[in-house]
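Student: Listed below are the residues making up each chain.
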Amino acid sequence: MKAHLTRRYHFSASHRLHSAEMPADENVAVYGKCNNPYGHGHNYALEVTVSGPVVKSTGMVCNLADLDDFVQREILQRMDIQNLNMLPDFAATVPTSENLCVVIYEILQRGFHHAHPEKVRLEETMMNSFEYAGGKEVRR
Amino acid sequence: MIYLTRKAEFSASHYYHNPNFTPEENHRIFGKCNNPNGHGHNYTLEVTVKGEVDSRSGFVVDLKQLKETMHFEVLDALDHRFLNKEVPEFRTLIPTTENLAISIWQRLKPKLKTAQLHRVRVYETADLFVDFYGEDSQDSE
Numbered sequence: 001m002k003a004h005l006t007r008r009y010h011f012s013a014s015h016r017l018h019s020a021e022m023p024a025d026e027n028v029a030v031y032g033k034c035n036n037p038y039g040h041g042h043n044y045a046l047e048v049t050v051s052g053p054v055v056k057s058t059g060m061v062c063n064l065a066d067l068d069d070f071v072q073r074e075i076l077q078r079m080d081i082q083n084l085n086m087l088p089d090f091a092a093t094v095p096t097s098e099n100l101c102v103v104i105y106e107i108l109q110r111g112f113h114h115a116h117p118e119k120v121r122l123e124e125t126m127m128n129s130f131e132y133a134g135g136k137e138v139r140r
Numbered sequence: 141m142i143y144l145t146r147k148a149e150f151s152a153s154h155y156y157h158n159p160n161f162t163p164e165e166n167h168r169i170f171g172k173c174n175n176p177n178g179h180g181h182n183y184t185l186e187v188t189v190k191g192e193v194d195s196r197s198g199f200v201v202d203l204k205q206l207k208e209t210m211h212f213e214v215l216d217a218l219d220h221r222f223l224n225k226e227v228p229e230f231r232t233l234i235p236t237t238e239n240l241a242i243s244i245w246q247r248l249k250p251k252l253k254t255a256q257l258h259r260v261r262v263y264e265t266a267d268l269f270v271d272f273y274g275e276d277s278q279d280s281e
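Those protein sequences? They're chains A and B, same order as listed. Take the first sequence: its position 93, counting from 1, is numbered 93 in our numbering, and each next residue is one higher. In our numbering, each residue's number is its place in the second sequence (first place is 1) plus 140.
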């Protein structure tokens with residue numbers, strides 16, 4: 001029987017929203033305070049949802065230790081207390097939370113094989129959150 | 141379609157152990173959760189039902205009936221219990237959050253007369269939860 005398991009993580013990072021494809025005044029108009037050249041930071045909350053059949057012998061979709069190890073190594077160690085603009089993932093894209101959601105989802109898709117990565121949900125602040133499930137509709 | 145979610149809380153203890161594994165395997169796979177004396181959690185349960193709004197009552201479901209069903213079928217059985225020893229299905233099934241979500245679904249499903257069960261979500265802690273959408277949800281495996 002298939003179940004969805006969601007684990008919540010926390011990290012803090014800085015970013016600056018600036019698109020090289022726009023002139024300076026348009027960057028200011030579109031991104032407002034987020035275009036400040038020195039950047040600013042957030043405490044992000046990250047929810048990773050994986051799915052799969054519940055394995056009879058363990059009662060688990062996947063071992064939580066495997067998920068924690070992967071997220072710690074591949075996501076948190078790379079992003080926590082970092083400037084997101086400096087990461088290779090954002091060499092060509094703006095580190096908005098939308099793009100960050102996609103980057104994290106793709107890291108999971110590529111490297112996590114103990115269960116099926118279903119969805120990434122990212123809270124940038126308590127007031128806004130972003131969800132990405134690949135090409136699929138986000139499931140309620 | 142309207143989705144309606146009712147929350148409840150219960151506290152219970154459990155431990156993870158498969159009698160077919162060696163003690164070393166049990167320890168390696170389940171870690172601290174393998175301690176036979178058990179440990180506990182404050183669980184939060186979210187039950188989501190769905191349906192069309194009844195034109196006369198304005199309800200998707202009678203919330204009182206949903207609340208009472210959750211109380212009789214789930215909370216009375218699980219709250220302040222040692223799941224492995226006191227809840228029949230967990231004498232043979234490991235009481236992981238996954239199996240707990242499935243068990244709660246199976247306890248509620250036959251008793252909910254008017255509401256269509258959509259999702260059972262069980263939080264073991266604020267940072268860990270499991271969703272179950274039913275045995276025959278379209279992408280069940």
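Watch out, some of these pointers could steer you wrong.
What the hints assert, rightly or not - Think about it this way: if two alpha-carbon atoms lie no more than 25 Å apart in a straight line, the pair counts; the simulated DSS-like pairs of lysine-lysine are:
| hint | chain 1 | residue 1 | chain 2 | residue 2 |
| --- | --- | --- | --- | --- |
| 1 | A | LYS56 | B | LYS207 |
| 2 | B | LYS253 | B | LYS147 |
| 3 | B | LYS172 | B | LYS251 |
| 4 | B | LYS147 | A | LYS2 |
| 5 | A | LYS2 | B | LYS204 |
| 6 | B | LYS207 | B | LYS147 |
To be verified - Covered, in the sense of this in silico footprint (three residues per stretch, anywhere, with C-beta under 8 Å from a C-beta of chain A), are these stretches of chain B:
| hint | region |
| --- | --- |
| 7 | 143–150 |
| 8 | 209–222 |
| 9 | 237–244 |
It is worth saying that the hints were derived from the structure and are not from the lab. Glycine residues also receive a C-beta, built at the ideal position from the N, C-alpha and C atoms.
Student: Each hint: holds or not?
Tutor: Hints, verified against the model:
1. A:LYS56 - B:LYS207: violated (31 Å)
2. B:LYS253 - B:LYS147: holds (19 Å)
3. B:LYS172 - B:LYS251: Given that 25 Å is the threshold and the Cα spacing comes to 36 Å, the pair is violated.
4. B:LYS147 - A:LYS2: Between LYS147 (chain B) and LYS2 (chain A) the Cα gap is close to 22 Å, so the pair holds against 25 Å.
5. A:LYS2 - B:LYS204: Measuring from Cα to Cα gives roughly 30 Å; hence the hint is violated.
6. B:LYS207 - B:LYS147: holds (9 Å)
7. 143–150: Answer violated; 1 residues pass the 8 Å Cβ test.
8. 209–222: Contact hint for the region 209–222 of chain B vs chain A: violated, 0 residues under 8 Å.
9. 237–244: Since 5 is at least three, the answer is holds.
Of the hints listed earlier, those the structure fails to meet are numbers 1, 3, 5, 7, 8, in rising order.
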